[in-house]
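If you want the building blocks of each chain, they are given just below.
There are 2 protein chains.
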Amino acid sequence: MIKVVLIGSGNVAQHLIKVLQDAEKVSLVQVFARNKTSLEHLLPVSKITSSYNDIIEADVYIISVSDNAIAEVSNNIPFTNRLVVHTSGSSELSVLDAKNRKGVFYPLQTFSKDKEVEFSSIPICLEAENDEDFKTLENLSQNISKKVFAISSKQRKSLHVAAVFVCNFVNHMYTIGNQICEDNKVPFEVLQPLIIETANKITTLKPEAAQTGPALRNDTKTINKHLEFLQETNYQELYKLLTQSIQNVKKL
Amino acid sequence: MIKVVLIGSGNVAQHLIKVLQDAEKVSLVQVFARNKTSLEHLLPVSKITSSYNDIIEADVYIISVSDNAIAEVSNNIPFTNRLVVHTSGSSELSVLDAKNRKGVFYPLQTFSKDKEVEFSSIPICLEAENDEDFKTLENLSQNISKKVFAISSKQRKSLHVAAVFVCNFVNHMYTIGNQICEDNKVPFEVLQPLIIETANKITTLKPEAAQTGPALRNDTKTINKHLEFLQETNYQELYKLLTQSIQNVKKL
Numbered sequence: 011m012i013k014v015v016l017i018g019s020g021n022v023a024q025h026l027i028k029v030l031q032d033a034e035k036v037s038l039v040q041v042f043a044r045n046k047t048s049l050e051h052l053l054p055v056s057k058i059t060s061s062y063n064d065i066i067e068a069d070v071y072i073i074s075v076s077d078n079a080i081a082e083v084s085n086n087i088p089f090t091n092r093l094v095v096h097t098s099g100s101s102e103l104s105v106l107d108a109k110n111r112k113g114v115f116y117p118l119q120t121f122s123k124d125k126e127v128e129f130s131s132i133p134i135c136l137e138a139e140n141d142e143d144f145k146t147l148e149n150l151s152q153n154i155s156k157k158v159f160a161i162s163s164k165q166r167k168s169l170h171v172a173a174v175f176v177c178n179f180v181n182h183m184y185t186i187g188n189q190i191c192e193d194n195k196v197p198f199e200v201l202q203p204l205i206i207e208t209a210n211k212i213t214t215l216k217p218e219a220a221q222t223g224p225a226l227r228n229d230t231k232t233i234n235k236h237l238e239f240l241q242e243t244n245y246q247e248l249y250k251l252l253t254q255s256i257q258n259v260k261k262l
Numbered sequence: 011m012i013k014v015v016l017i018g019s020g021n022v023a024q025h026l027i028k029v030l031q032d033a034e035k036v037s038l039v040q041v042f043a044r045n046k047t048s049l050e051h052l053l054p055v056s057k058i059t060s061s062y063n064d065i066i067e068a069d070v071y072i073i074s075v076s077d078n079a080i081a082e083v084s085n086n087i088p089f090t091n092r093l094v095v096h097t098s099g100s101s102e103l104s105v106l107d108a109k110n111r112k113g114v115f116y117p118l119q120t121f122s123k124d125k126e127v128e129f130s131s132i133p134i135c136l137e138a139e140n141d142e143d144f145k146t147l148e149n150l151s152q153n154i155s156k157k158v159f160a161i162s163s164k165q166r167k168s169l170h171v172a173a174v175f176v177c178n179f180v181n182h183m184y185t186i187g188n189q190i191c192e193d194n195k196v197p198f199e200v201l202q203p204l205i206i207e208t209a210n211k212i213t214t215l216k217p218e219a220a221q222t223g224p225a226l227r228n229d230t231k232t233i234n235k236h237l238e239f240l241q242e243t244n245y246q247e248l249y250k251l252l253t254q255s256i257q258n259v260k261k262l
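Chains as they are written, first to last, in this note's numbering: chain F, 11 to 262; chain E, 11 to 262.
Certain hints may be false.
Same chains, same label: a pair holds when it works inside one copy or across any pair of copies.
[What the hints assert, rightly or not] Under the rule of at most 30 Å between Cα atoms (straight-line distance), these lysine-lysine pairs were calculated in the DSBU-like manner:
{"hint": "1", "residue 1": "K235", "residue 2": "K157"}
{"hint": "2", "residue 1": "K235", "residue 2": "K260"}
{"hint": "3", "residue 1": "K250", "residue 2": "K109"}
{"hint": "4", "residue 1": "K260", "residue 2": "K195"}
{"hint": "5", "residue 1": "K250", "residue 2": "K156"}
{"hint": "6", "residue 1": "K13", "residue 2": "K216"}
{"hint": "7", "residue 1": "K57", "residue 2": "K46"}
{"hint": "8", "residue 1": "K156", "residue 2": "K125"}
{"hint": "9", "residue 1": "K57", "residue 2": "K260"}
{"hint": "10", "residue 1": "K164", "residue 2": "K195"}
{"hint": "11", "residue 1": "K125", "residue 2": "K231"}
{"hint": "12", "residue 1": "K250", "residue 2": "K260"}
{"hint": "13", "residue 1": "K260", "residue 2": "K13"}
{"hint": "14", "residue 1": "K231", "residue 2": "K109"}
{"hint": "15", "residue 1": "K35", "residue 2": "K231"}
{"hint": "16", "residue 1": "K167", "residue 2": "K145"}
{"hint": "17", "residue 1": "K167", "residue 2": "K235"}
{"hint": "18", "residue 1": "K57", "residue 2": "K235"}
{"hint": "19", "residue 1": "K211", "residue 2": "K13"}
{"hint": "20", "residue 1": "K216", "residue 2": "K35"}
{"hint": "21", "residue 1": "K145", "residue 2": "K195"}
{"hint": "22", "residue 1": "K46", "residue 2": "K195"}
{"hint": "23", "residue 1": "K260", "residue 2": "K109"}
{"hint": "24", "residue 1": "K46", "residue 2": "K164"}
If you are wondering where the hints come from, they were derived from the structure by calculation, not from laboratory data.
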């Protein structure tokens with residue numbers, strides 16, 4: 011049994027509380043939250059503390075708070091030489107206070123408050139300072155997910171930038187598509203199967219091989235028609251730069 | 011029974027041949043292809059012709075050829091006053107020759123040669139010059155797909171621009187994500203569940219409401235870290251413009 015204490019009460023923390031309670035061979039022995047009542051719907055109040063001094067013994071302490079608060083929280087912990095990890099994609103291992111053994115337990119997914127997630131298919135990216143701690147994190151993770159990866163701080167930094175492109179920027183493309191549809195009284199629904207198929211394609215094809223469209227074909231006639239169409243929107247420059255960028259990849 | 015003649019032998023044409031042969035209440039009576047042998051794996055050679063003068067009578071003639079060839083093909087057809095439609099998202103109704111009754115039958119999906127598609131969930135966008143022809147196209151489409159929409163030439167033009175954003179440009183974001191991963195020896199697999207979830211999200215949430223990330227939060231510290239990371243790539247300017255564009259939407 012791997013004993014876990016979770017520190018935090020936000021969106022990711024709440025998803026973790028649920029999955030850790032359900033996991034086999036894992037015991038969520040305690041949760042630390044400044045405001046106890048925010049978690050009462052998830053676990054018995056006896057398991058929640060709001061005092062650092064009451065934190066009990068465990069194999070892993072998972073800090074799941076906002077990036078800016080990780081350093082302070084890890085500094086406030088009263089004990090030393092235990093395994094303390096954070097869950098942030100954009101923070102280095104070194105933001106954790108050196109009095110404990112540091113690690114990272116980063117579930118790479120976009121978590122929405124009201125949407126259940128299937129944790130077993132979420133990649134968990136792990137990092138630790140020594141082999142034994144890494145094994146502990148690996149054991150823990152394998153009880154939650156089928157996809158566990160060793161990812162260094164340097165790799166995680168690149169992964170976080172890549173995630174901005176494939177998640178945040180992609181969603182912005184959806185926003186623009188939706189706006190064009192609304193402006194022209196076309197139901198956005200018409201585009202949804204295309205969106206899903208475009209995402210599914212890259213699970214079997216390399217994205218470069220899956221590229222289609224006027225930019226790739228250098229279909230200047232269509233590109234110019236589209237630029238003219240976009241004249242009165244904010245998106246003409248974006249269309250130009252993205253078209254150029256696709257053509258740069260093609261040339262490589 | 012709706013009798014259909016299909017003209018064309020390319021990628022979309024071949025997908026249509028398969029689905030039209032399988033559809034109930036639809037009879038694919040003939041296919042026109044300049045090179046008969048290119049379709050022999052799909053249907054009996056007796057049903058294929060390469061001579062315009064041998065084209066037989068049908069309720070609908072579907073021209074599924076490259077955009078540039080639609081006008082010429084519709085002009086070469088020897089008969090008049092029948093229902094002739096094209097399958098192009100970017101061509102207006104008016105590119106079809108006026109000697110026949112014009113229409114559009116546009117299945118909105120990204121078709122790959124080697125990947126089977128589930129036609130029943132593909133939106134089919136229809137346009138016709140008169141009600142009776144529209145009904146014929148609607149009948150035909152409902153035998154193939156559950157999603158049939160009336161979309162005018164003007165609406166289809168906007169839809170095609172929107173599709174470039176949500177399909178072609180999105181795929182380019184995947185290409186960039188993949189390249190960052192490869193450059194940093196991170197398996198791209200780590201990002202795939204995020205990609206799928208990002209696409210699935212917008213079937214239940216408006217894309218604007220689903221937006222997350224440093225641009226939306228105006229998290230300047232992370233944005234600057236990412237821009238520094240991207241310095242040696244071609245993608246710094248794109249990151250800047252996309253970040254700006256997300257923040258412009260937020261302000262509206």
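Hint by hint, here is what the structure shows:
no.	hint	in the structure
1	K235 x K157	between (45 Å within a copy, 28 Å between copies)
2	K235 x K260	both (22 Å within a copy, 28 Å between copies)
3	K250 x K109	neither (51 Å within a copy, 38 Å between copies)
4	K260 x K195	between (35 Å within a copy, 22 Å between copies)
5	K250 x K156	neither (41 Å within a copy, 35 Å between copies)
6	K13 x K216	neither (40 Å within a copy, 40 Å between copies)
7	K57 x K46	within (10 Å within a copy, 74 Å between copies)
8	K156 x K125	both (20 Å within a copy, 27 Å between copies)
9	K57 x K260	neither (56 Å within a copy, 40 Å between copies)
10	K164 x K195	between (46 Å within a copy, 10 Å between copies)
11	K125 x K231	between (43 Å within a copy, 28 Å between copies)
12	K250 x K260	both (16 Å within a copy, 22 Å between copies)
13	K260 x K13	neither (51 Å within a copy, 42 Å between copies)
14	K231 x K109	between (64 Å within a copy, 26 Å between copies)
15	K35 x K231	neither (61 Å within a copy, 39 Å between copies)
16	K167 x K145	within (22 Å within a copy, 56 Å between copies)
17	K167 x K235	between (39 Å within a copy, 9 Å between copies)
18	K57 x K235	neither (62 Å within a copy, 38 Å between copies)
19	K211 x K13	neither (40 Å within a copy, 33 Å between copies)
20	K216 x K35	neither (37 Å within a copy, 39 Å between copies)
21	K145 x K195	between (55 Å within a copy, 22 Å between copies)
22	K46 x K195	neither (48 Å within a copy, 42 Å between copies)
23	K260 x K109	neither (50 Å within a copy, 41 Å between copies)
24	K46 x K164	neither (35 Å within a copy, 56 Å between copies)
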